[in-house]
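Use these hints to put chain B onto chain A, whose structure you have.
2 protein chains.
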Amino acid sequence: MKQVIIIRTDLKMGKGKIAAQACHASIESYKRTTPEKVKKWENEGSKKIILKVENLEELMEIYEALKKTKIPHYLVRDAGHTQLPPGTITALGIGPDDDEKIDKITKHLKLL
Amino acid sequence: MKQVIIIRTDLKMGKGKIAAQACHASIESYKRTTPEKVKKWENEGSKKIILKVENLEELMEIYEALKKTKIPHYLVRDAGHTQLPPGTITALGIGPDDDEKIDKITKHLKLL
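Chains as they are written, first to last, in the working numbering: chain A, -4 to 107; chain B, -4 to 107.
Looking at chain A on its own, in the form it has when it is part of the complex (with noise of 0.2 Å):
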């Protein structure tokens, strides 16, 4: 089991924009996770993983495919109060889900 966020790169955030932006991702999708696969997740070590995408259209053919599966996820658009215009897409969290069916969708993905 492992969770997955995936940051956009074009968007030149800093170091900490891009942790919030992660954060936010990372508790939403959570949140969207059924009792039973976070407790299974829980005991694996609650396994976090930070991807990057280079563009908005790389981020939502991810988004896209993740629709037409149980995989849980969370789209983040960024309120805007700082550094980007208000709705900014900036991060994807998926899962926690298990390792096998998210790596369908993100194996091609790099390490941030």
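The reader is advised that the hints may include incorrect statements.
Since the list gives no way to pick out one identical chain from another, each pair is judged satisfied if it fits inside one copy or across any two copies.
Pairs of lysine to aspartate or glutamate residues, derived as EDC-like cross-links and limited to a Cα-Cα distance of at most 20 Å, are as follows [said to hold, decoys possible]:
| id | residue 1 | residue 2 |
| --- | --- | --- |
| 1 | Lys12 | Glu39 |
| 2 | Lys26 | Glu39 |
| 3 | Lys12 | Glu37 |
| 4 | Lys32 | Glu56 |
| 5 | Lys65 | Asp93 |
| 6 | Lys65 | Asp5 |
Rather than coming from a laboratory, the hints here were simulated on the basis of the structure.
Coordinates of chain B only, in the frame set by chain A:
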């Protein structure tokens, strides 16, 4: 209401590593928060602020101060699968809780 995540900068973690530690701090501190506080925080937009400390001593001072309060918090020890020795303290998650309560303890810290 806000959640604050504090990251150690002296460990020279990469962006992805920082984001993963922040997510861990964020979810674990969130899980230790009462449903009433969580609801209030979510209604106000789930604000997350990422701050930095320059070393472990600075982080532990804040941790010790938090232990004397009722503010929910979680100290992250890295599992050590990558980059760091197992058990390295990397981050601290605080809240969500009232801005003023958290500010009393963290207001001297700078944004990451």
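Do the hints match the structure? See the list:
With identical chains, the CA atoms of Lys12 and Glu39 are at most 20 Å apart between copies only, with a shortest distance of 19 Å across copies and 28 Å within one. With identical chains, the CA atoms of Lys26 and Glu39 are at most 20 Å apart both within one copy (18 Å) and between copies (17 Å). Taking CA atoms no more than 20 Å apart as the test, Lys12 paired with Glu37 passes between copies only; the shortest distance there is 19 Å, against 26 Å inside one copy. In this homomeric assembly, Lys32 and Glu56 never come within 20 Å of each other (Cα to Cα): the closest approach is 25 Å inside a single copy and 36 Å across copies.
For the homomeric pair Lys65 and Asp93, the shortest alpha-carbon distance inside one copy (11 Å) is at most 20 Å, but the shortest distance between copies (36 Å) is not. Taking the closest pair of Cα atoms, Lys65 and Asp5 never come within 20 Å of each other, the shortest separation being 29 Å inside a single copy and 40 Å across copies.
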